[in-house]
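**Student:** What follows is the residue order along each chain.
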Amino acid sequence: MKSQSLTYREALKTAISEAMRNDERVFLMGEDVGNYGGCYAVSKGLLDEFGAERIIDTPLSESGFVGAGIGAAIGGMRPIVEVMTVNFSLLALDQIVNNAATLRHMSGNQIGVPLVIRMATGAGKQLAAQHSHSLENWYAHVPGIKVLAPATVADARFMLSMALKDPDPIIIFEHVMLYNESAAIPQPEKCPDMHQALVRKDGTDISLITYGGSLSKTLQAASELEKQGISVEVVDLRCLRPLDTLTLYKSVEKTHRVLVVDEGWRTGSLAGEICALIAENCFWSLDAPPSRVCSKEVPIPYPQHLERAATPQVAEVVEAALKLLNRNVT
Amino acid sequence: MKTLTMPSFGADMAMGTIVKWNVKQGDLVSKGDIIASIETMKGLIDMEVFDDGSISTLLVSEGDEVEVGVPIAELQLKNENYSNNKPELKLENVSLDSGELDTSIDVNKTPVDDQILADKRILVTKDSQDQNVNRQNTQQPKISPAARSRAERLGIDWRLLSKGSGPDGAIVLDDINIPDEKSAEQVSDTVKDPSNMMRQAISATVSRSKREIPHYYLQLDIVLNNTINWLSDHNANLPPSKRILSNAVIYSAIARALTSFPAFNGFYRDGHFQPSESVHLGNAINLRQGGLMVAAIHDAQRLGLIELMEKITDQVSRARKGGLRMSEMQDATVTLSNMGDRGTDSIQSIIFPPQVAIFGIGRQREVPWVIDNTVNIATIVSVSLAADHRVSDGHSGARLLNKINKLLQTPEVLM
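Which chain is which? The protein sequence lines are D and W, in order.
Heads up: the first sequence at position 267 corresponds to 267 in our numbering, and the numbers run straight through without jumps.
Heads up: the second sequence at position 63 corresponds to 63 in our numbering, and the numbers run straight through without jumps.
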């Protein structure tokens, strides 16, 4: 039975090695991806299979190796660049925002950057305030790049090949708490088009919209709420830019209530953008104010109890949903 | 430019038929002009215009039946500059925040965002409701956009609901009680059946009243001998059309008495009562085609008996023939339910929210009555009062009924 299941980490590795076998232009580079096997062990063993020319350990210089990835992509390669965490990716913001995202525009459509950047995101591993933040929304703000947040083993297994087919830069966010999640070996049908938001659970009373590492907490909250007789719909965004707004609107028009669960900080969050879109487009369907559960506005703390307190938890989601429904919080 | 929409003449109206246009394209109109006759379940009603201007387009032909809120004509306002200078005074502001109304002066001159109005999900009964809001400056209940949208699609006047079951007492979808709400097809079928619609509207109103208003009931048998004697003297040499009927004297006594008892005249909304300065006496008129209509006699406390009698006669006949004005259909501050000619001795009524009192008047009847230790024949009427215990107590209700009794013993003071 064990051989029938797959972890999120193994799914990513399978996806990378499959891509490298199918297309010789694909290579992986980043800090410690080779000899060490990746800081989250995603690329463990790949160096043996593909060699140092295609599994490249880079110096500790995000701006340098992301820039090199952009150059390789312009030159016809299909690089996968791993950045250890989204916090570190800030060192490469200039390359990502000023170069990767703009070159098709700046060159009058002469130059595209078919680059995939993978990075870890999120809290939960007690890695403190310089390794635990959720800055997905910073990238989702920028036109010219696409932002994916695989939240399931199936998405981890199959989104990469879709991303590699895209002619423009794509950032894939892997939440650190997902790497050890496992599921039955998924079939490709479990991962429809990467741009599509998916209804992970059908319901009629309230829509919980979420993505990435918050999906499993949100699904747990949904089953708590179901015990109290509330029919909950859970929507997984999957693609944070561009947003699949139609799926969101359809859900809200059915349930009339929306709660967005987002591990980013509340101010200027993706959750805020989704609430605004829903207020603009579904106003007459709303039976309660669009609401959010986000992280507290502090640097993510190191101690476990404070780390938990700072980030969205199941009980908090349940409580916020009950409040929207004007039901007693038990 | 202002879009005129099919007005709602009450919570139970879903559709209206333009029987006759009194104006054509290009006609100049002034505030108060009757521009159309509209056939509703309640009969023929005259539609007034609330602005000066000219009719630029008639969007609906005579004989067409349309839903409440559907645009029926475009009006070019006389002073379009006014509109252009005040774009911020949108329909939304006016209707949602009555606190701002003090500065808005005449909301009917407010420009209407054509796009918003064309979207019939919004405030279908704008004209009449803005007027109410302006006149009474009362707080509106909170309502979710979805509940508001459904209420207005179904022709339910949500402003009559004081409180809902949502957070902070907001009215939410569940409070707009139409079965099978999740099925759009079924809802539209429901809307299309006017009798069902009327039943549902009545059901929603009375259920809410009984659910939210703690009613108490009082009743007093009032001897009408003095009134009848005085009336027969007064009417002796008058042609039938000029005679005053005893009902008018009873109505007048109630209106006058209410001026000393403000806790029975006004609206209860958002957890507090707001008395009305004037008594707009809602006269529940039974329609021959079925159903009820409440027509307000404005400022009834100021009217002499002759004037009041004329108003009642005129209003009842217009209500039954058709031709009531929109302004008469607007919120009464208190209601009278007169079952007298239906032959029951008394009636205990259900308060029409957000009002706080309703009077029931039974039939006049002769009974043996003890006066000064002798049994005499007296004509009496049972006047009942159902009132909202959140606002008033039985003791003051009893005083109110006794005050009415006292006035009816000296009807000449009501002249």
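For the record, the hints were derived by calculation from the structure and aren't laboratory data.
None of these values were measured; they are calculated from a predicted model.
Just to be clear, a hint being listed does not mean it is correct.
[Stated by the list, open to error] Simulated pairs of lysine-lysine, DSS-like, Cα-Cα distance not exceeding 25 Å:
# : chain 1 : residue 1 : chain 2 : residue 2
1 : D       : Lys-323   : W       : Lys-78
2 : D       : Lys-227   : D       : Lys-165
3 : W       : Lys-24    : D       : Lys-254
4 : D       : Lys-165   : D       : Lys-201
5 : W       : Lys-78    : W       : Lys-24
6 : D       : Lys-250   : D       : Lys-190
7 : D       : Lys-323   : W       : Lys-403
[Stated by the list, open to error] A few chain W residues that don't get close to chain D, going by computed Cβ distances all over 10 Å:
#  : residue
8  : Ser-232
9  : Asn-237
10 : Ala-263
11 : Glu-366
12 : Ile-380
[As the list claims (entries may be wrong)] Counterexamples of contact, computed for chain D against chain W with all Cβ distances above 10 Å:
#  : residue
13 : Met-29
14 : Leu-91
15 : Arg-104
16 : Ala-129
17 : Leu-135
18 : Asp-166
19 : Val-176
20 : Pro-192
21 : His-256
22 : Arg-266
23 : Asp-287
24 : Ala-288
25 : Leu-324
Where a beta carbon is used, it is the ideal one built from N, C-alpha and C, also for glycine.
**Student:** Checked against the structure, which of the hints given earlier come out wrong?
**Tutor:** 1, 2, 3, 4, 7, 21, 23, 24 and 25
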